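Sequence lines, in order, name chains A and B.
Positions 273 to 442 (our numbering) are the ones given, in order, by the first sequence.
Positions -11 to 659 (our numbering) are the ones given, in order, by the second sequence.
These aren't lab readings, by the way, just hints derived from the structure by calculation.
Just so we're clear, the structure is a prediction, and the values are computed from it rather than from any experiment.
We put the CB at the ideal spot given by N, CA and C, even for glycine.
Keep in mind that the hints are not guaranteed to be accurate.
Simulated restraints, written as ranges between beta carbons of each label pair [said to hold, decoys possible]: (1) Ser597/B / Glu335/A: 17 to 23 angstroms; (2) Leu381/A / Gly517/B: 54 to 60 angstroms; (3) Gln376/A / Gly553/B: 50 to 56 angstroms; (4) Glu335/A / Glu433/B: 33 to 39 angstroms.
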Amino acid sequence: MRRIANLRARTAALMIVAFACAAAIPIVVAAAPTVSVQQVAEGLTCQCGCGLTVANCNHPNCEFSVPVREQIDQMLGRGMSGPQVIAYFRGKYGEKILSAPTTQGFNILAWIMPFAAILAGGALIAFTVGRWRSHSPAPAGAPETGADADAGNFDPELRRRLERELRERI
Amino acid sequence: MPLIGQLALALALVLAGYSIIANVIGARASIPSLTASARHALWAMCAMVTVAVGAMWSSLLHSDFSLEYVASYTSFSLPTIYKITALWGGQQGSLLFWTWLLTIFTSIVAIQNRRRNPEIAPYALAVLAGVAIFFLGMLNFVTRPFDLLAAIPADGQDLNPLLQNYWMAIHPPSLYTGYVGASVPFAFGAAALIVGRLDDTWIRSTRRWAIFSWFFLTLGNLFGARWAYEVLGWGGYWAWDPVENAAFMPWLVMTAYLHSVMIQERKDMLKVWNLVLIGMAFGLTLFGTFITRSGVISSVHSFTQSGLGPYFLTFLILVVVLYTGLLLSRVKQLRTRAEFESYLSREAAFLFNNLVLVGIAFAVFWGTLFPVLSEAVRGVKITVGPPFFDKVNAPLALALIFLMGVGPLIAWRRSSFDSLAKTFASPAIFGLTTGVCAFVAGLREWYVMTALSLAAFVIGTIVVEFRRGVSARRHMVSESVPAAIVNLVAKNNRRYGGYVIHIGVVLAFIGIVASAFFKTEVKKSVKEGESFQVGSYDLEYLGINTTETPHLESARARVEVRRGGKAIAMMEPAKLFYKRLQQPATAVAIRSTPAADLYVVLAGIDDQSGLATFQVFLTPLVFWLWAGGFIMALGTVIAMWPNVRERAVIAAAVRASSPLEADAQAVPGGD
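All chains, full assembly: derive it from the sequences and hints.
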C-alpha cells in the first residue's frame, strides 16, 4: 500500500512539474522585460480614424501611427521614459490621444465606478443574505450534497436510497 | 425578385401583427383554435421572410445591380462565397438576416410548444412576434433592402476587403444566432411575468435555448477574435473596441444567468435576479446592435453605420421600461422564503460568481459609454481603450477563475472548514506548486504567476471531481477507467459538460494572459537572401511572387523559417490590392504551435531599393485561446446533448401529469 501511495505521490509531483513547465517555459523564453515602442504606443490612440491604439492601427501605411511609432522609438532611444513620451504627445494633441482616461478630475469616475459597483453589489448580497439567514432553519444535520458528506453518519434507509439513486445517476 | 422580396416582407409584418392579436386573445379567452391560428401565422411569417432572404440571395448571386444593396456591397468579380456572405455585409442585409433567424427560432418555439405550456407559450410567442415587428418595421419602412437604383451601374462597388475573409463568413451568423437565441428565454421570462406563472417553468422550458444562445455567443466572440487576429494584421485579437465589447457583454450576462438558474432550479431562490439577468442579456443584444449601427461611438467594426441609432435606442428604452414595469408589478409574488445557511456553500460561490460576471459586464459597459459621458459633461472627447479595460478587468478575471475552482466542489447549504480543507487540499497544493515552479523557472510577473496557480487549482478541482465520479462508478459497476469516464459524462452530461467548459475557459485564460504579457515584436527591412532573427527562429526572405486575378492583385513574399539551422516552414505573407475598390489590404502568415505563434506581416515593399519590410510577432501560448474556445464549445455540446435519463423523466411526466406539469418537469435539476 505504501509503495502505491508513493507511486501516486510521484505521479502527482510529475504532473505538477509537467504542467508548470509546459505553461511557464514558452513564456520565460519569450519574455522581454524592457519598455518597448509597442508598450508606449499602446497608451496612445491613433488619430487616423481606425479607432485603435497607435500600437495596433491596422492601416499598412497609416499617416499617423507609422511616424508616431518612429518618433516614440527615437524618444526612447534618447533615454526618455514611457510616461515622458506619453506626456509629450498629450501636450501636442490633447487628452483625446490618450488610450485610457487619466486618474484626475472627472476621469477618476471611469476608474472608480466599476469597483464601486462591485462593492455595492457585494453589500447588496450581504444585506440579502442577512435577511435570508434570519429566516433559515438552524444549521443542523449533514449538508445536502457535496464534498463533505460523511458517509459514516447515514442511517440505513438513507444509505439504501443513496445507493439506488447512485445506480440510476452514476 | 426585388418586388417579391419587398412584398414578402410586407406580408410578414402583417402576419406578425395578426399572430400577436390572435395569441393574446386566444390565450385570454382560452380559444385553442385561435392560438393555433396564431402559430400558423408565425410559420407563414417565417416562410415570407425566407422568401425575402431567397430573393436577396438570388439578386446577390446574379449581380442584380438594379438593387442598391447589391450594387453597394458586391461586384461582378467578387468570389461567390462572398456574394453569399454579403447578405450580412451591409446594413439592410444584416437586419434581414437577423429577422430571418428570429422568425426561424420563433417558428421552432411554436412547434415545440404546440402541446406544451398552454399558459405561457402564447404570450412568449407574442413577445417574439413583437420583436419581429420592430425588425420587420425597420425593413419595410426605414432601411429597405430591396430599394432600387434610378440608374443601374455597370458594376457594383464591391465588399469591404476586411470582410472578404472566411472568418467573416461564419462570425456574424454565429454572433447573430447567439443574440437572437437570447430572445427566446427573454420572451418566456416576460411571458411568465405577464401571466403570473412565476415558478421555474419558463427557465426549464428554455434551458436549452439559453445554452444554445451561449454556445453561439461564445463561438461568435471567438470567431470575431480570430478574424481580428488574421485580418487586421496587428498581431492581436482583442482591442476592447466598442463593437467587440457589445458582443462580449451579453456573453458575460448569459454566463451569469446559466449559473444563477441552477440555484433557482435547486433552491427556488433568485427568481427576481434571474428575470433581471435575462432582461439584461436581451437588452444588451439590442444595445450592441445600437452601437454597431448608430455611429455614436467610433469603432473599427462599424461597417454598417447609419441613421438607425434613434430607432434602436427608442426600441431599447421601450423594452427596458416595459420589462422593468412588468417585473416591479410582480416583485411581491416573486419573493420566496429563501434559505441560506452559510457563506461557505455553493449558493454563496454562485452568488459571487454572478457578482463578478455582472461586475465585469458593468465595467465593460461603463468603459464603452464613458467617452460619450465625458463629452456630454466636460465637452472633452476622450478615448477609453485597452489599457483601461485590461487594468480594470485583470483582477476581476482572477476572482472569477478562483470561484470557478471553488463552485463545483463546495457543498450546497454549508461546508465546514475541515471538509473544505480536505476537499481542496490537493487542488490547492497543485496550484501553489505550479506557481512556485513558474517562479523557479524564472517567471517574475506576479499576475502571471497568480493566474497560472489559479488555473492549475481549477484544473485540480476538475480532476478531483472526475476522479470521485470514476471511483464511484467503478465501485458500483466493474469497468475500466476510460469506460467509467465516458459513462459518467454520458449519464451526467449537463454537469460534466460544464466541467469540460471550465477546462476550456482555463486554457483560454492561460492563452490570453501569456499573449498579453509576453508578445514580442520585431520589425525588419531586408533584401532578398538576407535573414533576421525572431526569438529562436531565423527568417530568410527569399523573394516576392506576384499574381493577378480579375478581382485582386497580390504580392506574396516567401519567407523560410529555420530553427536550430533546420528549415521548418515556408511562410507567405502578402500585400493585396482590391481592384474595384482601389484599396490595399494585408494577408498575414501565421505558424501556430502549442508553444507559440509566429505571425508575419509584409509591411511594405520598396521596388527601388529591393527592401521588403516585415513586422513579426512571436506570441507564446496564444494557441490555447483558440483551443480553449473550441473545448468550451465541445463542453457546451456535451451539456446540451439529449440525455436518455432526461427523456425518460419527460416521458414519465407526460404520462403522469397534464401537459403543463409535464413541461415543468421536462428537464431534471442536476448540477
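Structure-based check of each hint:
no., hint, verdict
1, Ser597/B / Glu335/A: 17 to 23 angstroms, "holds (21 angstroms)"
2, Leu381/A / Gly517/B: 54 to 60 angstroms, "holds (57 angstroms)"
3, Gln376/A / Gly553/B: 50 to 56 angstroms, "holds (55 angstroms)"
4, Glu335/A / Glu433/B: 33 to 39 angstroms, "holds (35 angstroms)"
This entry satisfies every hint, going by the numbered hints stated previously.
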